[in-house]
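Visitor: All chains should be built: construct the whole structure from the sequences, respecting the hints.
As given, the protein sequences belong to chains A and B, one line each in that order. Heads up: the first sequence begins at 254 in the working numbering, then just goes up one per residue. Heads up: the second sequence begins at 346 in the working numbering, then just goes up one per residue.
It is worth saying that the hints were derived from the structure and are not from the lab. Among these hints, one or two may not hold up.
Computed cross-link-like contacts, BS3-like style, restricted to lysine-lysine with a CA-CA straight-line distance of at most 25 Å [as the list claims (entries may be wrong)]:
1. A:LYS630 with A:LYS322
2. B:LYS433 with A:LYS516
3. B:LYS435 with A:LYS559
Just some of the chain B residues that point at chain A, by a computed CB distance under 10 Å [to be verified]:
4. LYS376
5. ARG387
6. ALA438
In this text, a Cβ means the ideal position worked out from N, Cα and C, and glycines have one as well.
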Amino acid sequence: MNKTADVTVVGGGVIGCSIAYYLAKKGADVIVVEKNKGPSFGASGTNQGACPLQLFEPPVLELARQSLKLYKNLSEEIGYDIEYDNVGALVCSVDEKQYSDMKKHVEKKKKQGINVRLIEREELLKLEPTLGENVVVGVEEWESCGVNPFKVNYGFACAARRLGARFLFSTEVGKIEKDKDKVTSVATDKGKIITNFLVNAAGAWSPQIGKMLGLVIPVKPRRGQIIVTEPTPLNKRWRCISDADYLLTTAFDLKATEVSKDKRIKLGVAGVYLQESTGNWTIGSSRDFADYNTNVTMQTIRYIAKRAIKFIPKLKDVSCIRTFAGLRPFCYVDGLPILSKVDNPQNFVIATGHAGEGITLAPITGKLISELIVENKTSLPIDAFSFSRFKNAYLQNLG
Amino acid sequence: MERKLQERKVNNIVCRCEEVTEQEIRDAIRKFNLTTVDEVKRLTRAGMGLCQGRTCGSLMEKILSEEINKKVSELLPLKKRPPVRPIKIKLLAKKERESE
Numbered sequence: 254m255n256k257t258a259d260v261t262v263v264g265g266g267v268i269g270c271s272i273a274y275y276l277a278k279k280g281a282d283v284i285v286v287e288k289n290k291g292p293s294f295g296a297s298g299t300n301q302g303a304c305p306l307q308l309f310e311p312p313v314l315e316l317a318r319q320s321l322k323l324y325k326n327l328s329e330e331i332g333y334d335i336e337y338d339n340v341g342a343l344v345c346s347v348d349e350k351q352y353s354d355m356k357k358h359v360e361k362k363k364k365q366g367i368n369v370r371l372i373e374r375e376e377l378l379k380l381e382p383t384l385g386e387n388v389v390v391g392v393e394e395w396e397s398c399g400v401n402p403f404k405v406n407y408g409f410a411c412a413a414r415r416l417g418a419r420f421l422f423s424t425e426v427g428k429i430e431k432d433k434d435k436v437t438s439v440a441t442d443k444g445k446i447i448t449n450f451l452v453n454a455a456g457a458w459s460p461q462i463g464k465m466l467g468l469v470i471p472v473k474p475r476r477g478q479i480i481v482t483e484p485t486p487l488n489k490r491w492r493c494i495s496d497a498d499y500l501l502t503t504a505f506d507l508k509a510t511e512v513s514k515d516k517r518i519k520l521g522v523a524g525v526y527l528q529e530s531t532g533n534w535t536i537g538s539s540r541d542f543a544d545y546n547t548n549v550t551m552q553t554i555r556y557i558a559k560r561a562i563k564f565i566p567k568l569k570d571v572s573c574i575r576t577f578a579g580l581r582p583f584c585y586v587d588g589l590p591i592l593s594k595v596d597n598p599q600n601f602v603i604a605t606g607h608a609g610e611g612i613t614l615a616p617i618t619g620k621l622i623s624e625l626i627v628e629n630k631t632s633l634p635i636d637a638f639s640f641s642r643f644k645n646a647y648l649q650n651l652g
Numbered sequence: 346m347e348r349k350l351q352e353r354k355v356n357n358i359v360c361r362c363e364e365v366t367e368q369e370i371r372d373a374i375r376k377f378n379l380t381t382v383d384e385v386k387r388l389t390r391a392g393m394g395l396c397q398g399r400t401c402g403s404l405m406e407k408i409l410s411e412e413i414n415k416k417v418s419e420l421l422p423l424k425k426r427p428p429v430r431p432i433k434i435k436l437l438a439k440k441e442r443e444s445e
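Guide: Next up, the structure:
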């Protein structure tokens with residue numbers, strides 16, 4: 254028998270479940286369609302759960318800032334402990350040449366209204382004895398947090414379900430039916446859903462959903478590899494330490510990684526070293542394109558391990574208990590998320606392209622997309638993330 | 346006798362690395378309608394420790410199969426990832442060949 258819904262969300266990851274929750278909160282009747290057996294089978298389940306605010310630049314910065322605010326009370330709001338952890342964030346450099354860039358970074362962040370502080374080497378080592386002799390300078394900030402990404406994902410899913418949202422797992426979208434410029438229904442291998450709106454939150458798989466409607470969504474899977482260690486005693490001050498390379502090269506500047514002669518930079522290895530409250534470290538990450546391959550590669554893991562020891566030397570005698578890799582939905586035109594309606598079909602909404610920032614941006618994405626659908630306006634401007642921005646990019650590519 | 350057995354069941358440690366009890370696992374399966382061992386792991390930490398489920402994995406499968414009335418053979422097996430055994434980060438960082 255056919256099902257009906259106000260909104261059908263494709264993708265049961267952290268973005269899809271957040272959207273479902275905020276929509277259900279507004280009284281919408283939501284169905285989430287997920288091809289895997291549960292939530293968190295894609296990038297939502299293969300990340301570190303770090304949300305370091307100072308790594309964000311406009312226009313995404315404002316989203317991140319608002320998202321972190323939502324995270325603060327999320328456990329209470331959804332009635333489930335997402336293990337919000339006020340770890341702050343330290344960005345740290347081990348390269349003398351980056352000193353001036355780090356100074357510039359601090360000035361820029363201050364102008365953006367982020368409460369950052371530059372810390373010289375000596376003080377760094379005093380405040381955090383686990384840091385290595387190699388460190389040159391650091392920038393700390395305390396608005397950032399860590400969360401348990403699984404718990405965020407399941408928390409949103411459960412809260413949405415309590416509000417009446419339905420979840421169809423192990424269910425794959427086969428075809429999307431249209432009437433003129435509107436989506437009318439979604440055909441899945443478990444039956445048809447007649448729907449007023451369709452949201453594409455399929456992450457790295459969102460281009461396939463777009464294709465069913467003849468739309469090219471310029472997103473491709475970018476692989477990130479991560480090492481997990483056994484627990485160690487908790488760090489004194491900072492449990493979220495990022496490599497300055499993260500901000501200066503690998504994460505955001507695709508060109509810089511492509512042209513670099515340094516093999517490590519080419520593989521996108523620049524880390525966030527996050528110690529969870531359990532004492533375990535997750536050491537990430539890398540950024541490469543390997544289609545939908547989620548294997549870890551020895552070469553990349555070696556670079557990650559080597560780099561980690563530079564920042565936190567005591568890690569060398571700590572055991573790695575697991576490695577894993579996930580596929581981040583990366584917008585290859587400009588690296589920005591796509592949070593947008595499209596002209597045709599007009600009831601089709603895209604929420605993807607969050608790259609490595611999906612966990613940080615999940616709450617605000619859910620909130621904004623729910624506003625976009627229910628009220629047709631958003632509490633934050635999202636023009637910078639519109640789908641129409643690609644028209645020019647395509648013409649340029651063709652020309 | 347019956348009560349003692351019941352108590353033991355509640356406090357039975359399934360995952361010794363992360364000290365997760367049988368009851369915690371059953372509760373998570375019921376609360377979240379879990380259908381895979383991977384999900385049990387994510388929400389309870391059972392199988393996230395030093396042995397990565399090598400000891401408790403089959404126990405988790407058995408509990409899940411009881412809870413959702415499926416045969417163990419019908420369940421999606423726990424995802425295996427390298428390394429096979431814990432390995433020091435410094436060994437991971439070591440060059441494989443001098444030519445690299």
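Visitor: The structure should be examined with respect to each hint, and the outcome stated for every one.
Guide: How the hints compare with the structure:
A C-alpha spacing of about 20 Å is found between LYS630 (chain A) and LYS322 (chain A), which places the hinted pair at or below 25 Å, so the restraint holds. Simply put, LYS433 (chain B) and LYS516 (chain A) have alpha-carbon atoms about 23 Å apart, close enough for the 25 Å limit, and the pair holds. For a cut-off of 25 Å, the pair hint linking LYS435 (chain B) to LYS559 (chain A) stands: about 7 Å separates their Cα positions. The interface hint given for LYS376 (chain B) is met, as the beta carbon of that residue sits about 8 Å from the closest beta carbon of chain A, less than 10 Å.
Of the supplied interface hints, the one on ARG387 (chain B) holds, with its beta-carbon coming within about 4 Å of a beta-carbon of chain A, less than 10 Å. With a cut of 10 Å, the hint placing ALA438 (chain B) at the interface with chain A holds, because the nearest CB-to-CB distance is about 4 Å.
Checked against the numbered hints listed earlier, the structure breaks none of them; every hint is satisfied.
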